[in-house]
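Peer 1: Below are the chains, spelled out letter by letter.
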Amino acid sequence: MATTPQANLAAVPALAPLRPVVWPRRTQRTLSNGMQVVLVESHTIPKFDAQLLIRRGNASTARETAGLAEMTATVIRAGTSSRSLMRIEEDLRRMGADLSTSAGVDTSAISFSGLTEFSEELLGLAADLAQNASFPEAEFERERRQRLEEVKIERTTPGFLAGERIRQVLFGAHPYATVAPSEAQVAAYRREQLAACYKKLYAPGDALFLAVGAFSADRMMDQIERAFGSWRAPATPEPAHPALADVRGRRVHLVHLPGTVQAQVLIGNLAITRHHPDWMPLVLGNAVFGGAFNSRLVINIREQKGYTYSPRSAVSALRHHGYFTAAAAVRNDVVAATLTEIFYELDRMRSLPVPDDELNDTKTYLSGVFSLGLATQDGLAGQLATVYLNQLPENYLETYRDAVHALTAADVLAAARKHFDSANAQIVVVGDRAQVEEQAALFGPLEIRDAHGNLL
Amino acid sequence: MTKLQIPIESTTLANGLRVVISPDHAAPFVTVGVYYNIGFRLEPQGRSGFAHLFEHMMFQGSENAGKMMHIKLINSSGGVLNGSTRYDVTNYFEAVPSNALERSLWLEADRMRALKVDDENLRNQRDVVKEEVRVNVFNQPYGGFPWLDLPPVANRNWANAHNFYGDFSDLDAATLGDVQNFFRTYYAPNNAVLLILGDVQPDEGFRLAKKYFESIPAGKLPPAMDASEPPQNEERRGLVEEKFGTLPALAIGYHAPKRRTADWYALAMVDQALHGGRAGRMFRSLVHDKQIAVETSGGIHYPMGDVFDYNGPMLMVTTIMHKPECSVDETIAAYDAVIREVQEKGIAADEMAPLKVKFRSDYYSTLEAGMGGYMPRFGLMHYLACFTLFDNDPALVNSVLDGFLDVTPAQAQSAAQKYLVRSNRAIVERRPVMKGAA
Chain D
1158 MATTPQANLA AVPALAPLRP VVWPRRTQRT LSNGMQVVLV ESHTIPKFDA
1208 QLLIRRGNAS TARETAGLAE MTATVIRAGT SSRSLMRIEE DLRRMGADLS
1258 TSAGVDTSAI SFSGLTEFSE ELLGLAADLA QNASFPEAEF ERERRQRLEE
1308 VKIERTTPGF LAGERIRQVL FGAHPYATVA PSEAQVAAYR REQLAACYKK
1358 LYAPGDALFL AVGAFSADRM MDQIERAFGS WRAPATPEPA HPALADVRGR
1408 RVHLVHLPGT VQAQVLIGNL AITRHHPDWM PLVLGNAVFG GAFNSRLVIN
1458 IREQKGYTYS PRSAVSALRH HGYFTAAAAV RNDVVAATLT EIFYELDRMR
1508 SLPVPDDELN DTKTYLSGVF SLGLATQDGL AGQLATVYLN QLPENYLETY
1558 RDAVHALTAA DVLAAARKHF DSANAQIVVV GDRAQVEEQA ALFGPLEIRD
1608 AHGNLL
Chain X
196 MTKLQIPIES TTLANGLRVV ISPDHAAPFV TVGVYYNIGF RLEPQGRSGF
246 AHLFEHMMFQ GSENAGKMMH IKLINSSGGV LNGSTRYDVT NYFEAVPSNA
296 LERSLWLEAD RMRALKVDDE NLRNQRDVVK EEVRVNVFNQ PYGGFPWLDL
346 PPVANRNWAN AHNFYGDFSD LDAATLGDVQ NFFRTYYAPN NAVLLILGDV
396 QPDEGFRLAK KYFESIPAGK LPPAMDASEP PQNEERRGLV EEKFGTLPAL
446 AIGYHAPKRR TADWYALAMV DQALHGGRAG RMFRSLVHDK QIAVETSGGI
496 HYPMGDVFDY NGPMLMVTTI MHKPECSVDE TIAAYDAVIR EVQEKGIAAD
546 EMAPLKVKFR SDYYSTLEAG MGGYMPRFGL MHYLACFTLF DNDPALVNSV
596 LDGFLDVTPA QAQSAAQKYL VRSNRAIVER RPVMKGAA
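Top line first, the protein sequences correspond to chains D and X.
If you're matching positions, the first sequence starts at 1158 in the working numbering and goes up one per residue.
If you're matching positions, the second sequence starts at 196 in the working numbering and goes up one per residue.
FYI, nobody ran anything at the bench for these hints, they're computed from the structure.
Small disclaimer: the values here were computed from a predicted structure and weren't measured.
Keep in mind that a hint or two might mislead.
[Said to hold, decoys possible] In silico EDC-like pairs for lysine to aspartate or glutamate, Cα to Cα no more than 16 Å straight-line: (1) X:K551 to D:E1555; (2) X:K551 to D:D1248; (3) X:K551 to D:D1255; (4) D:K1462 to X:D322; (5) X:K438 to D:E1311; (6) X:K613 to X:E409; (7) X:K518 to D:D1589; (8) X:K613 to X:E536; (9) X:K485 to X:D524; (10) D:K1462 to X:E204; (11) D:K1462 to X:D524; (12) X:K406 to X:E315; (13) X:K518 to D:E1298; (14) X:K405 to X:E204; (15) D:K1462 to X:D314; (16) X:K438 to D:E1349; (17) X:K198 to D:E1274; (18) X:K485 to D:E1296; (19) X:K485 to D:E1298; (20) X:K485 to D:E1300; (21) X:K198 to X:E536; (22) X:K518 to D:E1307; (23) D:K1520 to D:D1589; (24) D:K1462 to D:E1498; (25) X:K551 to D:E1247.
Pulled out of the complex, with its shape left as it was, chain D reads as follows (with noise of 0.2 Å):
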């Protein structure tokens, strides 16, 4: 069995030295409205990437029901006080652009690209539904009752479900715990009560925009003061959030699916944000145990044992905790056989230092693919979104390389110790109990529950 990659490796050529990469040059820019601009110049193609971010989403609004900005964000491009639903589909066509507006648990986002001739239209066109978007009655309820059939359908979907209830067993009482609503939430959704929310979130104070594109960025900053700089409204506070509580000992949590004929393996522990002095390690480490093609677990798993298609784990940072997880679809005959493996891959990081070799490999990896995404303009507005959505130095990019390189096996053997936590664990299975509920019972204490949150 070819366990160990093989190569002949006197044949394969060597590395050329590396071309230096071209930073992003960032143009910056505060209105006096407050609203934080960061452009940056990319001539790929006569076209820009534009997103205008608040940060404020789902968490902000969770007091009052769950998903409202998402709800909320979905509405504002339905109409604003001067243009119909239709009209601004209409002059977006006319522009070659697309537009989406969208809310996660943190940030709010309307996102657009379009033909540079046309930016100082889009951008006006962008600036009208962060401030006059109007909620329509009746589109509103076209959109509810389209929300209401998605939330049914996520509803019937393993990795959505799986992704949910570890997000539920891990943050409890925080609203991070909530990634959708219920139906029964979307059915009482009012109008009024998205109009407030808009009212509420969408503030200059709290927003950044981001250009990314083939444009002038002087011309590009006059463009943004002329469409944005008259947008005057308060920002409001976020609210504070309950503490987390701390999941101690292995769980295991099924969501009984019926019908499944592939059963959905998750496991996941809270860990770290992006300012934690771990983040790092723990990106490499994530990188060697799942995070990459060329992973531990994805060799075990797949490579060796074909039990699953697409394994992999994510360290995910959320603005004020983050969590750890490991996910894979597999036949439902090797639920057992798959928990034991990744629990054998988390405690292998977490007890043996990565050899050299493998550490190395791993850093290649992370460093190439990181400049990798700062060659393309959606890529790059991403990259960019990250460091000023989450206030991170700004030197962040520069130094990105460095920093991985500098890393050694033992900070990712300590990152590893703390964060991936495997004693504590929590397990979600979704899949049909009939076929998995005796191996998943092996794993820990065990509670079933429907896919609307039912305990069996």
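Using the hints provided, position chain X relative to the given structure of chain D.
Peer 2: Just chain X now, with coordinates in the frame of chain D:
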């Protein structure tokens, strides 16, 4: 609007391998691809899903690089890689820092020269592929809709009508002999194109291509298989059960005109008018005005690809997720009204102009990173490959837009009248088993 002037240089090696290079030194990366002129359309009968299973085998080991080595050597050079199987091509590609160009060419050449795989590799990847099918089709609401649902109903030639992901019994029947046969038959340098994009000097790229690929012997290619569809005389209907979702769904497909004919350009603009996002007529009528549908989408080659990246019979597809309280007949009637309108009134100039702007804008985005998008210039690579293999003209990348931008309202109307007729279409219903309508 300025004309596209993407630099393209190309050559053909002595063994028939075509090499296309598009330099751009803005960032120190190269995107490398090898496209083989074989997709799931032409996989052997009795071996449905084989082209895709074979794609997995190309990562299992070659002459000098054993199992996992392709993945390890690309990842540990700071790059990412993948492959995919489509109607008419199978591709293998990586984006790496430009200092790893030679290494990635060595790897691609090594697996073009010889596969070195065993029964255990085959068993392993058969298991992996089955889990891939389960996660994407059997265990997913609307899994396989519409891309696995429509072809068997709309088509009569097995090439176009079979299960492209593969029946499990066919996957189980595949042998190592099949793998080596398929490799010998289709994975020859004279049935492929090598693409190098980004931070590369063309001279250097051609030199390295020669160094690593030119000694791979050419193969004797089988005669072109007939993938043509017999004429259709009446509407075709099909029904598939939806196990998880609670919304009824419809997929409607019309046979599209042959690629790069005048009708094809014209129908592409009709497609844009119908399916061009929320400004499109389907959204406006079915979702917004009549509120019969919750969601609608579509396009030529939807959802697997676009108007450019196939080479044979293809459908223009519309998908509609409609409210359970609206009947299938009612939904189709509303759909037909949209079709009738474009046939009777055509597309006025004030709609045609913005359609073209959007078409052009989408094309630019696709070139930069589109079609799956996590690699710089993936879309450009993809189009260069398709235009080389299907049209023998990679430079079409710079000029192909013109044909769409020249379409007149009269041409669009006449294409709608000629192709969007019932006797040229198939309709498949995805009917929920569960009653979920609140």
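Peer 1: For every hint, state whether the structure bears it out.
Peer 2: Structure-based check of each hint:
no.	hint	in the structure
1	X:K551 to D:E1555	40 Å, violated
2	X:K551 to D:D1248	14 Å, holds
3	X:K551 to D:D1255	14 Å, holds
4	D:K1462 to X:D322	9 Å, holds
5	X:K438 to D:E1311	14 Å, holds
6	X:K613 to X:E409	47 Å, violated
7	X:K518 to D:D1589	28 Å, violated
8	X:K613 to X:E536	14 Å, holds
9	X:K485 to X:D524	14 Å, holds
10	D:K1462 to X:E204	44 Å, violated
11	D:K1462 to X:D524	48 Å, violated
12	X:K406 to X:E315	33 Å, violated
13	X:K518 to D:E1298	14 Å, holds
14	X:K405 to X:E204	15 Å, holds
15	D:K1462 to X:D314	14 Å, holds
16	X:K438 to D:E1349	37 Å, violated
17	X:K198 to D:E1274	14 Å, holds
18	X:K485 to D:E1296	12 Å, holds
19	X:K485 to D:E1298	13 Å, holds
20	X:K485 to D:E1300	14 Å, holds
21	X:K198 to X:E536	34 Å, violated
22	X:K518 to D:E1307	12 Å, holds
23	D:K1520 to D:D1589	40 Å, violated
24	D:K1462 to D:E1498	10 Å, holds
25	X:K551 to D:E1247	13 Å, holds
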